[in-house]
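Enquirer: For reference, the chains in residue letters:
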Amino acid sequence: MSTKRHESLGLSNEQVIEMYKTMLLARKIDERMWLLNRAGKIPFVISCQGQEAAQVGASFALNRSEDYVAPYYRDMGVVLAFGMTAKDLMLSAFAKAEDPNSGGRQMPSHFGQKKNRILSGSSPVTTQVPHAVGVALAARMEKKDFVSFVTLGEGSSNQGDFHEGLNFAGVHKLPVITMVENNKYAISVPIEKQIAAEKVSDRAIGYGMPGFTVDGNDPLAVYEAVKEARDRAVNGEGPTLIEAVSYRLTAHSSDDDDRTYRNKEEVDEAKKKDSIFTFATYLQEAGILNDELETEINDEINRIVNEATDYAENAPYAEAESALKYVYEE
Amino acid sequence: MPVMSYIQAVTAALKEEMQRDEKVFVLGEDVGKKGGVFRATDGLYDEFGEYRVLDTPLAESAIAGVGIGAAMYGMRPVAEMQFADFIMPAVNQIISEAAKLRYRSNNDWNAPITIRAPYGGGVHGALYHSQSVEAVFANQPGLKIVMPSTPYDVKGLLKAAIRDNDPVLFFEHKRAYRLLKGEVPEEDYVLPIGKADVKREGSDVTIITYGLCVHFALQAAEKLAEEGIDAHILDLRTVYPLDQEAIIEAAKKTGKVLLITEDNKEGSIIGEVAAIISENCLFDLDAPIQRLAGPDVPAMPYAPTMEKYFMINPDKVEKAIRDLAEF
Chain A
1 MSTKRHESLG LSNEQVIEMY KTMLLARKID ERMWLLNRAG KIPFVISCQG QEAAQVGASF
61 ALNRSEDYVA PYYRDMGVVL AFGMTAKDLM LSAFAKAEDP NSGGRQMPSH FGQKKNRILS
121 GSSPVTTQVP HAVGVALAAR MEKKDFVSFV TLGEGSSNQG DFHEGLNFAG VHKLPVITMV
181 ENNKYAISVP IEKQIAAEKV SDRAIGYGMP GFTVDGNDPL AVYEAVKEAR DRAVNGEGPT
241 LIEAVSYRLT AHSSDDDDRT YRNKEEVDEA KKKDSIFTFA TYLQEAGILN DELETEINDE
301 INRIVNEATD YAENAPYAEA ESALKYVYEE
Chain B
1 MPVMSYIQAV TAALKEEMQR DEKVFVLGED VGKKGGVFRA TDGLYDEFGE YRVLDTPLAE
61 SAIAGVGIGA AMYGMRPVAE MQFADFIMPA VNQIISEAAK LRYRSNNDWN APITIRAPYG
121 GGVHGALYHS QSVEAVFANQ PGLKIVMPST PYDVKGLLKA AIRDNDPVLF FEHKRAYRLL
181 KGEVPEEDYV LPIGKADVKR EGSDVTIITY GLCVHFALQA AEKLAEEGID AHILDLRTVY
241 PLDQEAIIEA AKKTGKVLLI TEDNKEGSII GEVAAIISEN CLFDLDAPIQ RLAGPDVPAM
301 PYAPTMEKYF MINPDKVEKA IRDLAEF
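In the order they appear, the protein sequences are chains A and B. With UniProt numbering as the guide, the letters of the first sequence map in order to residues 1 to 330. With UniProt numbering as the guide, the letters of the second sequence map in order to residues 1 to 327.
The set of hints was computed from the structure by calculation and includes no laboratory data. Glycine is no exception: its CB is placed at the ideal position from the N, C-alpha and C atoms. Honestly, I wouldn't trust all of these hints.
Chain A side only, calculated, beta carbon under 10 Å to chain B, not exhaustive [said to hold, decoys possible]:
(1) G112
(2) A136
(3) D161
(4) H163
(5) S322
(6) Y326
Only pairs whose alpha carbons sit at most 30 Å apart, straight line, appear in this in silico DSBU-like list of lysine-lysine [claimed, not checked]:
(7) B:K195 - A:K325
(8) B:K15 - A:K143
(9) A:K96 - A:K21
(10) B:K308 - B:K199
(11) A:K144 - B:K33
(12) B:K23 - A:K144
(13) B:K23 - A:K114
(14) A:K114 - A:K28
(15) B:K15 - A:K173
(16) B:K15 - A:K144
(17) B:K195 - B:K316
(18) A:K325 - A:K41
(19) B:K223 - B:K308
(20) A:K41 - A:K271
(21) B:K33 - A:K173
(22) A:K143 - A:K115
(23) B:K223 - B:K252
(24) A:K144 - B:K34
(25) B:K181 - B:K319
(26) B:K23 - A:K173
(27) A:K325 - B:K23
(28) A:K115 - B:K23
(29) A:K143 - B:K23
(30) A:K173 - B:K34
(31) A:K184 - A:K199
(32) B:K33 - A:K143
(33) A:K143 - B:K34
Turn these sequences into a full structure, and let the hints steer you where they fit.
Expert: Written as C-alpha cells, this is what we have:
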C-alpha cells in the first residue's frame with residue numbers, strides 16, 4: 001500500500017486510533033442518553049450523531065492543551081477531545097450537582113469547563129461566535145500563540161452574531177477558526193430554505209477570510225482543513241471559515257419527531273456514509289484496526305459508558321437552596 | 001482638589017484604570033483615533049495604542065460579545081455603546097450571556113466587562129438619542145446597573161465597575177457630560193457599587209432619584225428651603241440591584257416620598273423603589289408615594305416644545321415636592 005492518508009497528514013497510527021475511539025465514545029454516550037431518555041430517566045437529549053467525524057477531526061488538529069473552544073450543543077466529540085469525560089457528560093444528562101458544565105443548572109449539551117478552556121454556552125444560537133473572537137482578540141493583545149475554535153450549525157450561520165463576529169475577526173485578522181457543522185437541517189427546515197448561497201463557506205469572502213467546504217464524514221479531511229487554518233492563524237494570517245458537511249442522523253432532539261419533515265429513505269441513505277463505520281473501514285484497510293482491537297475498544301467504551309451512567313444516576317442533586325448561589329461573585 | 005466635568009471624570013477613570021492594569025482595554029465605535037463622539041476616550045489612543053483603545057466595526061452585538069469573550073479569557077474590557085438607544089442589538093449578548101454566565105456555569109466562568117453608554121435627554125436628541133434604557137436590564141439578576149450623578153461619583157464608580165468581577169452597565173447622562181462640574185480627587189479611590197448616597201439631608205419630604213434628576217432635585221430643594229420646606233435627597237447611584245436598606249431608611253425619615261425618573265413612568269426603576277417602600281414602610285408613611293416621571297410615550301420628541309414637555313426639570317420637581325409637603 002502506498003503512503004496512507006493519515007500518514008501524509010503527519011498523524012500516527014496511535015493518533016488515528018485515538019480519534020476513532022473518541023468518535024465512538026461520543027456515539028456510545030449519545031446512544032445511551034437516548035435509551036435513558038426513552039426509559040424516563042433523563043428529560044432531554046440533543047445529539048452529536050452523524051457529526052462526530054467533523055468534531056473529532058477538527059479537535060485533533062488543534063492544540064488541545066492551549067487552544068480555546070466555543071462549542072455548540074451537538075459538540076460532544078469536541079468536548080471529549082478537549083478533556084471532558086463520559087462521567088462529566090452523564091452527570092450533566094442527569095442534572096447532578098457534580099456536573100462540571102453547570103452543576104445541573106443547564107440542559108444537557110450546554111457545554112462549559114474552564115479548566116479545559118471550553119467556553120460556557122447558552123441556548124440562543126450563535127452567541128458563542130463573538131465570544132470566540134474575543135478570546136482570539138485577547139490572544140492577539142497578550143501576544144500568545146493559542147487560537148480559538150468555534151462551531152455552530154448551518155442554520156445558525158444566518159444569525160447576526162455570525163456576521164458580526166466573523167466580520168470583526170476578518171477586520172482584525174484574529175486567530176479564530178469557525179467551523180459550521182452543516183448537518184442539512186435546522187430542526188425541520190432544510191439547508192435550501194436556510195441559505196441562498198451554494199455553500200455556507202461562500203460567505204467567507206464577505207469577511208475577507210478563506211472559506212472551505214469539506215466532507216464532514218471524513219475526520220482526516222476535516223483535520224487537514226483545521227490544521228491548515230490553525231497554521232494560518234498562529235502565523236498572523238487571520239481567521240478561516242470551514243464548512244463540514246455531514247448529516248443529522250437523529251431527530252433534532254428527544255422532543256422532536258423527524259418523520260414529520262423528512263423521509264426514512266433519505267436518513268437510510270445518509271447512514272451509509274456514517275463516519276463511525278466509514279472511518280473504521282479506513283482503519284481496517286490501512287491495517288491499523290482488526291477485529292481483536294475493535295472488540296477491545298468496544299468493550300472498553302462500554303465499560304466507560306456503564307460506569308459513567310451508574311455514577312451519574314446515583315450522584316446527588318444540588319441542594320434546592322443552592323439555586324440562589326452564584327448570581328454574582330461570592 | 002481639581003474641578004472637572006462629568007465627562008472628564010469618565011476619561012480620568014478610564015485612563016487611571018488602564019495605567020493601573022494592562023488587562024483593561026476600551027472597545028467601541030469611534031473610541032480610538034477620534035476619542036469618542038463625546039470625547040470620553042480623548043487622548044487614550046495616543047497613550048495606549050490601537051489595541052487597547054480599539055475602534056470596532058459598527059456592530060453593537062459584536063462590541064458586547066467580543067468584549068464578553070475577552071472578559072471570559074481574563075481581560076477587563078470596557079465596551080462603549082455610542083448611545084444607550086443603540087444598545088438594543090446587544091441585548092441578547094448582555095442578558096443571555098453576560099448576565100447569566102456565572103450562574104449558568106455554576107461559578108466556573110465569569111465576565112468582568114463594563115459596558116458604558118450615554119443616556120438621557122434634553123439635548124435635542126429626539127427619539128433615538130435621548131432614551132433611558134435602564135429598565136430594560138433592571139430585572140436581570142447577574143447584571144449591575146450604575147447611573148452616577150456627579151463627577152466625583154463617576155470616577156469612583158467607574159473604577160469600581162472596571163474592577164468588578166461581574167458585568168456592569170454604566171449609564172452616563174449625556175447632558176451631564178459638560179453641564180455638571182465638581183471636585184474630583186486626583187488620587188485613586190473607588191465607591192461601592194450597590195450603595196445609594198444621601199445628597200441632601202432634610203426632614204420634610206424624601207426624594208429618591210438618580211442621574212441628572214438628582215441635580216434638578218437639589219435645585220428645587222434649595223429654592224424650597226427658603227419657604228421652609230426641607231427636602232431629603234437620596235441618590236440611588238446603583239439602580240440594580242437596589243440598595244433596599246438606604247431606600248427604607250430614607251422613606252422612613254420623612255414619611256413623604258417623591259420618586260423621580262426621566263424614564264417613562266410605567267415599569268420604570270422607581271416603580272420597584274415604590275414597591276420596596278410599600279412592603280416595608282406602610283406605617284411610617286404620611287402620604288401616598290408619589291412618582292414624577294416621563295410620560296408613557298415611546299420616547300422623547302425632537303421639537304423643543306415636546307422635548308421640554310417630556311423632560312423633568314427643577315420647576316416640575318419643585319411643584320411635586322410642594323404638593324407632597326402640603327399633603
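Enquirer: Look at each hint and say if it fits the structure.
Expert: Hints versus structure:
1. Interface restraint check: G112 (chain A) against chain B, minimum CB-CB distance 5 Å, threshold 10 Å, status holds.
2. Proximity of A136 (chain A) to chain B holds as hinted, the smallest CB-CB distance being about 8 Å (cut-off 10 Å).
3. Because the closest C-beta pair between D161 (chain A) and chain B is about 6 Å apart, less than 10 Å, the hint holds.
4. Interface hint at H163 (chain A): satisfied, since its Cβ lies 8 Å from the closest Cβ of chain B, which is below the 10 Å cut-off.
5. Look at S322 (chain A): its Cβ gets to within about 9 Å of chain B, closer than 10 Å, so that hint holds up.
6. Taking 10 Å as the C-beta contact cut-off toward chain B, the hint placing Y326 (chain A) at the interface holds, the least distance being around 4 Å.
7. Between the alpha carbons of K195 (chain B) and K325 (chain A) the distance comes to roughly 21 Å, so the proposed pair stays at or under 30 Å and holds.
8. For the suggested pair K15 (chain B) and K143 (chain A), the alpha carbons sit about 22 Å apart, so the restraint of at most 30 Å is met.
9. A distance of roughly 26 Å separates the Cα atoms of K96 (chain A) and K21 (chain A); the hinted pair therefore holds under the 30 Å criterion.
10. This hinted pair checks out: K308 (chain B) and K199 (chain B) have alpha carbons roughly 25 Å apart, not beyond 30 Å.
11. For the hint linking K144 (chain A) to K33 (chain B), the alpha-carbon distance of about 26 Å falls within 30 Å, and the restraint holds.
12. For the hint linking K23 (chain B) to K144 (chain A), the alpha-carbon distance of about 14 Å falls within 30 Å, and the restraint holds.
13. Between K23 (chain B) and K114 (chain A), the direct Cα distance comes to roughly 19 Å. Compliance with the 30 Å bound is thereby established for this hinted pair.
14. For the proposed pair K114 (chain A) and K28 (chain A), the alpha carbon gap of about 25 Å is at most 30 Å, so the pair holds.
15. For the suggested pair K15 (chain B) and K173 (chain A), the alpha carbons sit about 27 Å apart, so the restraint of at most 30 Å is met.
16. Among the hinted pairs, K15 (chain B) with K144 (chain A) is consistent with the structure: their alpha-carbon atoms are about 25 Å apart, no more than 30 Å.
17. Proximity of K195 (chain B) to K316 (chain B) is assessed by CA-CA distance (about 27 Å); at most 30 Å being required, the pair is judged to hold.
18. Restraint check: the Cα-Cα separation between K325 (chain A) and K41 (chain A) comes to about 26 Å, which is no more than 30 Å; the hinted pair holds.
19. Between K223 (chain B) and K308 (chain B) the CA atoms are separated by roughly 21 Å; this keeps the pair inside 30 Å, and the hint holds.
20. Proposed proximity of K41 (chain A) and K271 (chain A) is supported: the alpha carbons are some 27 Å apart, at most 30 Å.
21. Pair hint K33 (chain B) plus K173 (chain A) holds up; C-alpha atoms about 20 Å apart against a cutoff of 30 Å.
22. Distance hint between K143 (chain A) and K115 (chain A) is fulfilled; the C-alpha atoms sit about 21 Å from each other, no more than 30 Å.
23. Annotation: proposed proximity of K223 (chain B) to K252 (chain B) holds, straight-line Cα distance about 23 Å (limit 30 Å).
24. Taking the CA atoms of K144 (chain A) and K34 (chain B), the gap is near 29 Å; set against the 30 Å cutoff, the hint holds.
25. Restraint check for K181 (chain B) and K319 (chain B): satisfied, since their Cα atoms lie roughly 26 Å apart, inside the 30 Å limit.
26. Under the criterion of a C-alpha separation no larger than 30 Å, the hint pairing K23 (chain B) with K173 (chain A) is consistent with the structure, at around 20 Å.
27. For the suggested pair K325 (chain A) and K23 (chain B), the alpha carbons sit about 28 Å apart, so the restraint of at most 30 Å is met.
28. With a CA separation close to 21 Å, the supplied pair K115 (chain A) and K23 (chain B) stays within the 30 Å bound.
29. Restraint check: the Cα-Cα separation between K143 (chain A) and K23 (chain B) comes to about 13 Å, which is no more than 30 Å; the hinted pair holds.
30. Among the hinted pairs, K173 (chain A) with K34 (chain B) is consistent with the structure: their alpha-carbon atoms are about 22 Å apart, no more than 30 Å.
31. For the proposed pair K184 (chain A) and K199 (chain A), the alpha carbon gap of about 11 Å is at most 30 Å, so the pair holds.
32. Between the alpha carbons of K33 (chain B) and K143 (chain A) the distance comes to roughly 23 Å, so the proposed pair stays at or under 30 Å and holds.
33. A threshold of 30 Å between alpha carbons decides the hint, and for K143 (chain A) with K34 (chain B) the separation of about 26 Å falls inside it, so the pair holds.
This entry satisfies every hint, going by the numbered hints stated previously.
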